[in-house]
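These protein sequence lines map, in sequence, to chains F and E.
Residue numbers for the first sequence follow this note's numbering, beginning at 1 and rising by one.
Residue numbers for the second sequence follow this note's numbering, beginning at 1001 and rising by one.
Derived by calculation from the structure, the hints in this document are not laboratory data.
Some hints here could point you the wrong way.
Counterexamples of contact, computed for chain F against chain E with all Cβ distances above 10 angstroms [to be verified]:
{"hint": "1", "residue": "Glu8"}
{"hint": "2", "residue": "Pro27"}
{"hint": "3", "residue": "Val55"}
{"hint": "4", "residue": "Lys88"}
{"hint": "5", "residue": "Ile219"}
{"hint": "6", "residue": "Arg232"}
{"hint": "7", "residue": "Gln237"}
{"hint": "8", "residue": "Tyr257"}
{"hint": "9", "residue": "Gly259"}
To spell it out: a stretch of chain E is covered by chain F in this simulated footprint if at least three of its residues, at any positions, have a beta carbon under 8 angstroms from a beta carbon of chain F; those stretches are [said to hold, decoys possible]:
{"hint": "10", "region": "1024 to 1036"}
{"hint": "11", "region": "1077 to 1084"}
{"hint": "12", "region": "1143 to 1152"}
Since this is a predicted model, take the numbers as computed values, not measurements.
From the three backbone atoms N, C-alpha and C, an ideal C-beta is built for every residue, glycine too.
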Amino acid sequence: MIGVKSAERHPLDAIIRADRMPHIWCPGCGIGIVMRCYAQAILDSGLPADQHVVVSGIGCSGRVAGYMNIDSYHTTHGRAIPFAVGIKLAKPELMTTVFSGDGDLAAIGGNHLIHAARRNVDVNVICVNNFNYGMTGGQVGPTTPRGARGTTAPYGNPELPFNLPYLLAAAGANFVARWTTIHVRQIRDDILYAFTRPGFTFIEVLAPCPVGFGKSNNIDDGLEEMELYRQRCVLVQDGDVNQDDLNIDLREETPIYIGRFADRDRPPYEAIRVVTS
Amino acid sequence: MDDRRVLTGKHFMNGDEACAEGALAAGCSFFGGYPITPSTEIAEHLARRMPEIGAVFIQMEDELASMAAILGASAAGSRSMTATSGPGLSLMLENLGLAVMLEIPCVVVDVQRGSPSTGLPTMPGQSDVMQARWGSHGDYEIVAYSPWSVQEMFDLTILAFNVADRYRTPVVMLCDEVVGHMIERLEIPPRDQIEIWNRKKPKKSNNGRYDPFKVLDPDLVPPMMHAGEDYRVHFTGLTHDEHGYPDMSAETHHELVTRLVNKINHNTEQLIRTESYWLDDAEIVVVAYGCTARSAQRAVREAREEGIPAGLLRLISIWPFPENLFQELGVKAETIIAAEMNLGQISREIQRVIGRPVQGIYHAGGEMIPPDTILEAIREAAQ
């Protein structure tokens, strides 16, 4: 047998719970890429790891909380954001990040998503958008393109999807960006940037889900979907795009606009303090 | 700023406001809620009071979010509370289950109104008794207290926070619209006379690995680690092992759920509160709680004046159910009358324990059961 020497230490060992590996994600899944970017951003933030908190909801992306070696909370479906709001307001010094999926955040948690953005609570959201409910086996969700197939839309999805950057910018988030899993540097950089921005931040990352979404939609594997991103992504410089421009349809030869869509200074939420005489 | 936290002295206020003052006196530093009659005065009072003492008040977008927010705040170390009524409690049950599973202390105040559905928003009810007990999915035990006066709205809110922290459990305050809205005298004691039971704190382990769900004491309650204390905790609603990590084995699941249930069931002596009036020689025992106990007390007093050997057992705690007490009572008392503003929720519990029928005085809600109705039932039983 050929001796393979494995590295004893990895720079991210301090941030990731190595004792929980292997993870549950399928081959070709994009969530691990985004988690790695988040871990790198924590390491690079200069803030001690015990000052970072991650909150997740339910679903494949919701499992990230269980793999991060920081204070981590794996909560109920859709409720990660209000749980995180409670943490943040109770201990404002904690860098509080919600890491979850598109179904968790935009469907069952959709009301909390827009209200947290409206309040502009100082919470960061990282949303892995893989266009479907992966954990339950490929059902259509609030981000599934119209016409795409899922196990609950065998004849094609009759609904129009949310386009999340547009929604979040309209709801009031201070910072809104969209990247894909081929943009690892930009993801890490924007998570790091989100850490420095007061108020609500939202980073959407388009990610392959070959088992849940790909197999129903003629995308053979994760690499093929990554190649689609590479071919079609168009970087937006000024964020000035309309709603239809932001729509994504992996089955059509249309551009996928990526970049920063909001970066502004609306006042962040602060608990009221009254001094009585 | 913090000297405004406990308003020591004599006051004249309604039960909802007294509950809010009780929360502050207990050290509550986070309230997340959503307006709903007849509990809204709690939120309104805290919205005015909490910013004075550096505590956080936030009105959330719904009851789902309110419940999630108070769990987050508690996980970060705050004593936290929400207040609602039946329709809101229905939405909070999802994360009430999470509070049970994650063992996150919190207080949920339910000022009951006529139900089901929208029911009678401005009128009293006591029909959330079983919802509080069984509403979230799965096997679990709940602790619930039922105040009958403005003073008890204050006192039991403090007890609710203490029990929540001591046993790492959600505690429900099963109030009703009458007690929430009536105005009575309230006496707030000096701060140093208010008993506070703190959360168990962990001893930092040497190897940096700490098991947040490992039970070290016979009371089955593990110490509580908060976000930002460098324990690198993981809390999950999935079945988890002592380290907090998901463990999808039937053995771990059975062990965990059994411990969570026994954590309450093995400590019932510390949790149960009841009060007796003329009970020692009573042949006819009236059981009541909340505002209905006020009518029952008068009915029993008048029955005694007529020479009828009647007594009153007032349930201050509703859950856990005082089974031992009822087993004794079932042997001693000839007749047990249960008066409640629902169609027999606690009566069925009593019957389950004593093994024979209870005479029920039921009303679906909307108005208090008058003393005369209870007195009439006592007279009939005495014949």
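Here is what the structure says about each hint:
1. Glu8: 18 angstroms, holds
2. Pro27: 21 angstroms, holds
3. Val55: About 7 angstroms separates Val55 of chain F from the closest Cβ of chain E, which leaves it inside 10 angstroms; violated.
4. Lys88: The claim is violated: Lys88 of chain F sits with its nearest Cβ about 8 angstroms from chain E, within 10 angstroms.
5. Ile219: At roughly 30 angstroms from the nearest Cβ of chain E, Ile219 of chain F sits farther out than 10 angstroms, so the non-interface label holds.
6. Arg232: 36 angstroms, holds
7. Gln237: 34 angstroms, holds
8. Tyr257: Check passes; 29 angstroms lies beyond 10 angstroms.
9. Gly259: With a cut-off of 10 angstroms, Gly259 of chain F remains clear of chain E, as the shortest Cβ separation is near 29 angstroms.
10. 1024 to 1036: Contact hint for the region 1024 to 1036 of chain E vs chain F: holds, 3 residues under 8 angstroms.
11. 1077 to 1084: Since 3 is at least three, the answer is holds.
12. 1143 to 1152: Since three or more residues must qualify, the claim that chain F covers the region 1143 to 1152 of chain E is violated, with 0 doing so at under 8 angstroms.
Violated hints for the displayed structure, listed by number in ascending order: 3, 4, 12.
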